[in-house]
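Undergrad: Residues per chain, in single letters:
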Amino acid sequence: MRVARFLGTRLASVVFVLLVVSLLTYAVFVVLPADPAQLACGKPCTPERLETARAFMQLDKSWVEQWWDFLHGVFAGRTFGGSGATITCPAPCLGYSFRLNTPVTELILNRFPVTASIAIGAAVLWLLAGVAGGVVAAVRRGTALDRSLMVGAITGVSAPSYLVGLLGILLFGFTLDMVPVSGYVPLRESPVDWAWHLVLPWVVLALLNAAIYTRLTRAQMLDALGSEYVRTARAKGITEGRVVTRHALRNVMIPVVTIFALDLGALLGGAVITEKVFSMAGLGALLIDAVGNTDVPVLVGVTVFTAAIVVVANLLVDVVYTLLDPRVRQGRVAR
Amino acid sequence: MTDPVFDGQPLLTVEGLSVVFDDGRAPVADAAPRAVDGASWALRPGRVTALVGESGSGKSVSAMAVLGLLPRTARVGGSIRLAVPGAPAGPTELVGAGPDTVRGVRGAVVSLVSQEPMGAWNPVLTVGDQVAEALNAHRARRERLPRRAAVERVLELLGDAGLPDPARVASSYPHQLSGGQLQRAMIAMALAQDPVAVVADEPTTALDVTVQAGILDLLRRLRDERGTAVLLITHDMGVVADLADDVVVMRAGRVVEHAPVRELFAAPREEYTRALLDAVPHLGQDGSGADRAPAEAAGADGADGAPGADGAAVVLDHVSVVYPGHRGTAPVRAADDVQLAIAPGEVLGLVGESGSGKSTLGQVVSGLLTPTSGRVLVGGVDLARAGRAERAERRRHTGIVFQDPASTLNPRWTVGRSIAEPLMLHTDLDLDARRARVLELLELVRLGPEHAVRFPHELSGGQRQRVAIARAVALAPRVLVADEPTSALDVSVQAHVLEVFRDLQERLGFACLFVSHNLAVVERVADRVAVMQAGRIVEQGPTAQVLQAPRHAYTRALVAAAPVADPDRQAARRTARAAAEQVA
Numbered sequence: 000m001r002v003a004r005f006l007g008t009r010l011a012s013v014v015f016v017l018l019v020v021s022l023l024t025y026a027v028f029v030v031l032p033a034d035p036a037q038l039a040c041g042k043p044c045t046p047e048r049l050e051t052a053r054a055f056m057q058l059d060k061s062w063v064e065q066w067w068d069f070l071h072g073v074f075a076g077r078t079f080g081g082s083g084a085t086i087t088c089p090a091p092c093l094g095y096s097f098r099l100n101t102p103v104t105e106l107i108l109n110r111f112p113v114t115a116s117i118a119i120g121a122a123v124l125w126l127l128a129g130v131a132g133g134v135v136a137a138v139r140r141g142t143a144l145d146r147s148l149m150v151g152a153i154t155g156v157s158a159p160s161y162l163v164g165l166l167g168i169l170l171f172g173f174t175l176d177m178v179p180v181s182g183y184v185p186l187r188e189s190p191v192d193w194a195w196h197l198v199l200p201w202v203v204l205a206l207l208n209a210a211i212y213t214r215l216t217r218a219q220m221l222d223a224l225g226s227e228y229v230r231t232a233r234a235k236g237i238t239e240g241r242v243v244t245r246h247a248l249r250n251v252m253i254p255v256v257t258i259f260a261l262d263l264g265a266l267l268g269g270a271v272i273t274e275k276v277f278s279m280a281g282l283g284a285l286l287i288d289a290v291g292n293t294d295v296p297v298l299v300g301v302t303v304f305t306a307a308i309v310v311v312a313n314l315l316v317d318v319v320y321t322l323l324d325p326r327v328r329q330g331r332v333a334r
Numbered sequence: 000m001t002d003p004v005f006d007g008q009p010l011l012t013v014e015g016l017s018v019v020f021d022d023g024r025a026p027v028a029d030a031a032p033r034a035v036d037g038a039s040w041a042l043r044p045g046r047v048t049a050l051v052g053e054s055g056s057g058k059s060v061s062a063m064a065v066l067g068l069l070p071r072t073a074r075v076g077g078s079i080r081l082a083v084p085g086a087p088a089g090p091t092e093l094v095g096a097g098p099d100t101v102r103g104v105r106g107a108v109v110s111l112v113s114q115e116p117m118g119a120w121n122p123v124l125t126v127g128d129q130v131a132e133a134l135n136a137h138r139a140r141r142e143r144l145p146r147r148a149a150v151e152r153v154l155e156l157l158g159d160a161g162l163p164d165p166a167r168v169a170s171s172y173p174h175q176l177s178g179g180q181l182q183r184a185m186i187a188m189a190l191a192q193d194p195v196a197v198v199a200d201e202p203t204t205a206l207d208v209t210v211q212a213g214i215l216d217l218l219r220r221l222r223d224e225r226g227t228a229v230l231l232i233t234h235d236m237g238v239v240a241d242l243a244d245d246v247v248v249m250r251a252g253r254v255v256e257h258a259p260v261r262e263l264f265a266a267p268r269e270e271y272t273r274a275l276l277d278a279v280p281h282l283g284q285d286g287s288g289a290d291r292a293p294a295e296a297a298g299a300d301g302a303d304g305a306p307g308a309d310g311a312a313v314v315l316d317h318v319s320v321v322y323p324g325h326r327g328t329a330p331v332r333a334a335d336d337v338q339l340a341i342a343p344g345e346v347l348g349l350v351g352e353s354g355s356g357k358s359t360l361g362q363v364v365s366g367l368l369t370p371t372s373g374r375v376l377v378g379g380v381d382l383a384r385a386g387r388a389e390r391a392e393r394r395r396h397t398g399i400v401f402q403d404p405a406s407t408l409n410p411r412w413t414v415g416r417s418i419a420e421p422l423m424l425h426t427d428l429d430l431d432a433r434r435a436r437v438l439e440l441l442e443l444v445r446l447g448p449e450h451a452v453r454f455p456h457e458l459s460g461g462q463r464q465r466v467a468i469a470r471a472v473a474l475a476p477r478v479l480v481a482d483e484p485t486s487a488l489d490v491s492v493q494a495h496v497l498e499v500f501r502d503l504q505e506r507l508g509f510a511c512l513f514v515s516h517n518l519a520v521v522e523r524v525a526d527r528v529a530v531m532q533a534g535r536i537v538e539q540g541p542t543a544q545v546l547q548a549p550r551h552a553y554t555r556a557l558v559a560a561a562p563v564a565d566p567d568r569q570a571a572r573r574t575a576r577a578a579a580e581q582v583a
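Just so you know, the protein sequences line up as chains C and B, in that order.
Here numbering that gives the first Met the number 0 is used: position 288 in the first sequence is 287, and no number is missing along the way.
Here numbering that gives the first Met the number 0 is used: position 154 in the second sequence is 153, and no number is missing along the way.
Accuracy of the hints is not assured; some may be wrong.
Stated by the list, open to error - So, partial list: chain B residues that the calculated Cβ filter (under 7 Å) puts toward chain C:
| no. | residue |
| --- | --- |
| 1 | Leu66 |
| 2 | Leu69 |
| 3 | Ala73 |
| 4 | Glu115 |
| 5 | Ala136 |
As the list claims (entries may be wrong) - Label pairs and their computed distance ranges (CB to CB):
| no. | chain 1 | residue 1 | chain 2 | residue 2 | range |
| --- | --- | --- | --- | --- | --- |
| 6 | B | Val321 | C | Val19 | 27 to 37 Å |
| 7 | B | Leu367 | C | Ala218 | 28 to 38 Å |
| 8 | C | Arg249 | B | Glu580 | 18 to 28 Å |
| 9 | B | Arg261 | C | Glu227 | 32 to 42 Å |
| 10 | B | Arg71 | C | Leu261 | 45 to 55 Å |
| 11 | B | Arg140 | C | Ala218 | 43 to 53 Å |
Unchecked claim - Covered by chain B, per the in silico footprint, the following chain C stretches (three or more residues, Cβ under 8 Å):
| no. | stretch |
| --- | --- |
| 12 | 196-203 |
| 13 | 221-228 |
| 14 | 231-240 |
Think of the hints as simulated: they come from the structure by calculation, not from any bench.
C-beta: ideal position from N, C-alpha, C; glycine also.
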């Protein structure tokens with residue numbers, strides 16, 4: 000009962016946040032000087048033709064009405080144009096790119112698997128590597144191993160992803176010729192090729208992000224290892240390995256999971272630079288192209304979609320939190 | 000040192016123990032100060048040996064050295080020999096022993112009950128799981144108790160520790176239980192492997208007195224019924240008198256005196272032990288509130304101090320503070336229809352256990368908290384109805400001293416600046432005048448002018464608290480709220496701070512709400528006492544009357560539960576309490 004109420008209020012707030020994000024997105028793009036009708040009209044563009052294009056694209060209404068149309072389209076689909084030529088955009092319609100002659104939803108659905116493949120693979124890799132590195136560094140605190148892990152982490156945090164990406168391509172792709180340097184093979188076509196094409200972007204992204212997790216895990220782990228409850232656990236006579244994994248690690252994972260879900264959510268919205276470097280047609284690449292071409296419907300659609308992912312990631316954090324931390328489950332945190 | 004009274008083989012023999020924390024800052028390891036410096040003592044089977052001393056005396060460090068639980072920067076020297084009766088291998092040397100030997104001792108031979116009941120439990124595992132873990136700590140994987148047997152054993156242990164509902168406790172997470180319940184469960188966990196000795200590190204310091212008595216009884220039963228030896232680490236002479244058989248007094252890492260408890264209390268051989276015993280405040284001591292000018296306190300109407308008294312410094316009229324519940328928890332009435340008055344120049348002691356609402360009342364009087372209902376009059380002005388300017392003016396005349404001076408002084412400010420801050424905010428004194436006033440205030444709390452340029456970390460706890468008092472009286476307030484001002488201090492320091500406080504109060508004549516859980520401390524400073532339980536004032540009146548002839552059952556329980564630093568009197572009180580419980 001309590002869980003249901005908790006989830007209910009959280010879901011309501013998700014819907015509210017998405018409404019606000021879409022409204023703000025509309026407001027921003029209407030203020031911008033970009034006019035999709037002008038771009039579609041071509042040259043020479045007579046005022047009559049411009050008017051027709053506007054009416055066709057339904058840009059002749061106020062931005063609030065346009066926003067309402069957008070929301071309506073998400074649930075009921077939309078039909079652009081009037082007498083004669085019409086374009087339908089089936090629900091859930093996140094807008095229609097007149098430049099690419101494709102519904103935005105379709106564009107996103109085509110691109111999202113690429114981004115998701117990169118993001119999830121990389122995230123799993125960096126979570127494992129980062130947490131393992133942090134735990135080892137904390138347990139072996141002050142040793143050469145700890146110091147070299149921390150130097151590695153600092154290097155990782157400060158290295159720009161395009162540089163590491165390009166160096167990776169150069170070394171493993173060309174010089175050693177071990178892995179393909181670009182392109183994407185869908186998972187359904189060939190799982191082996193899919194993974195093989197993704198190895199390099201995974202490693203590059205993981206390398207950069209694992210650094211942050213190593214540092215965070217190490218700091219949290221040191222805290223936990225110095226805590227009273229770890230002393231109690233040791234005083235029982237259980238092995239040090241069990242002290243670390245059963246007592247310290249679970250407390251350490253609470254903040255780590257929070258950061259992880261947020262990072263993963265942000266990355267699912269498009270690994271812009273990584274996709275560019277490895278020439279993969281993901282969401283990030285779609286967004287960059289849309290900015291270059293002033294393709295406003297795509298910008299709006301991708302922005303709202305990305306926001307939805309981040310908000311859902313947040314919701315998942317809350318759910319995982321209640322699983323990890325009984326104090327949150329009770330709705331109150333002990334002092 | 001040998002104990003002339005007892006001639007058995009000691010369980011633990013500590014000889015010339017020294018501990019140095021080598022954090023790499025001292026140029027030579029030997030130059031670092033020694034936390035323990037050549038201490039020798041023994042723990043005998045079936046007896047309670049207390050390590051007593053003030054903070055920094057090395058008592059806890061010594062105990063942790065036995066269990067090998069010191070931080071890795073610690074360098075341990077000397078000898079700790081463990082001789083388990085009937086063990087074929089003979090005595091084991093623990094200093095310098097390998098990690099497996101040390102781990103073999105932990106839990107199985109010597110186990111630990113630590114101070115902070117909340118922090119000592121892992122917050123994300125149930126209490127039952129954590130106790131069950133102790134059962135299997137030294138078993139190989141295939142020898143582990145089956146789940147069902149483990150659960151049964153856990154419930155049995157929790158029941159033995161005096162927990163009435165073991166099943167509920169076992170399935171609870173630490174934050175769902177009270178400090179007393181957690182400490183009982185902690186003792187159950189310490190007994191899971193049937194050890195010959197238990198190290199109890201300040202086992203009751205974080206608990207209320209009425210709960211403390213129960214935990215001390217449980218530890219005593221351990222010794223009497225199971226023959227478990229207890230190494231008791233404490234700063235509280237009352238606890239020592241209640242439980243210990245042998246006492247080791249420590250100071251600055253060295254053993255000052257090692258004697259059986261009656262001998263030590265009756266005829267302490269060393270000057271330091273005598274001073275330590277003298278510093279312990281106890282009820283009915285000289286200089287209690289009874290001899291303080293009662294005429295000043297007459298501002299309140301009669302003995303129960305009903306508000307409405309003309310010219311009272313503080314009046315609380317039907318004050319309630321309710322914290323709203325959320326997510327299905329019931330609202331908490333931290334203060335429930337409180338009627339209280341403090342006359343000008345009067346010290347009102349407010350006593351009660353944790354959660355009774357006494358700190359909440361302190362905040363109401365100091366204006367930090369607005370009550371849910373009722374009127375608060377400070378100097379005749381209703382705080383809730385007063386305008387901004389008037390409230391600021393009131394605040395000027397109200398000083399506050401908090402419990403922990405280490406966290407209420409800005410660590411990056413000099414002492415002088417901290418004391419001068421209220422002067423800068425509320426007066427237009429120029430720099431020279433402020434300086435002069437700061438020095439004057441320092442002198443009032445018996446600190447030299449050189450302290451003005453020091454930082455809080457350069458001062459001792461007692462000095463810091465005196466600085467906090469100086470800051471609180473900087474504006475010559477008419478009302479001072481002191482919230483457990485000496486609870487974080489060692490007894491000898493506490494005695495001095497209380498003396499400074501009394502002197503200051505007589506000189507400056509402010510009215511004071513003195514909040515404390517320690518009845519003896521309150522007796523030393525208060526003219527009148529109010530006893531609080533669950534948000535209500537259950538009894539109030541002149542100090543001597545309330546503390547020496549309490550009328551309310553709760554006050555009687557509080558007075559009876561506070562251990563006195565006298566083994567014989569304490570034993571008599573214990574018997575009387577047990578008899579009273581039987582009748583009830």
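Undergrad: Look at each hint and say if it fits the structure.
TA: So, going through the hints one by one against the coordinates:
For the restraint placing B/Leu66 at the interface with chain C, the shortest Cβ-Cβ distance is roughly 6 Å, inside the 7 Å limit, so the hint holds. This hint is violated: B/Leu69 has a C-beta 10 Å from the nearest C-beta of chain C, more than the 7 Å allowed. Taking 7 Å as the C-beta contact cut-off toward chain C, the hint placing B/Ala73 at the interface is violated, the least distance being around 13 Å. A hinted interface residue such as B/Glu115 counts as satisfied when its beta carbon comes closer than 7 Å to some beta carbon of chain C; here the least separation is about 6 Å, so the hint holds.
Satisfaction of the interface hint for B/Ala136 is found here, the shortest Cβ-Cβ separation to chain C being roughly 4 Å, below the 7 Å cut-off. The hinted window of 27 to 37 Å between B/Val321 and C/Val19 holds, with their beta carbons roughly 35 Å apart. At roughly 34 Å, the beta-carbon separation of B/Leu367 and C/Ala218 lies within the given 28 to 38 Å, and the hint holds. Take C/Arg249 and B/Glu580: their Cβ atoms lie about 41 Å apart, and the range 18 to 28 Å is violated.
At roughly 34 Å, the beta-carbon separation of B/Arg261 and C/Glu227 lies within the given 32 to 42 Å, and the hint holds. Against the hinted window of 45 to 55 Å, the Cβ-Cβ separation of B/Arg71 and C/Leu261 comes to about 34 Å, which falls outside the hint. The beta-carbon spacing between B/Arg140 and C/Ala218, approximately 33 Å, falls outside the hinted interval of 43 to 53 Å. Remark: the stretch 196-203 of chain C is not confirmed as covered by chain B, as 0 of its residues place a Cβ nearer than 8 Å to a Cβ of that chain, below the required three.
Chain B is given as covering the stretch 221-228 of chain C, and this holds because 4 residues of the stretch bring a CB closer than 8 Å to a CB of that chain, at least three being needed. Coverage of the stretch 231-240 of chain C by chain B holds [criterion: at least 3 residues with CB-CB distance below 8 Å; count 9].
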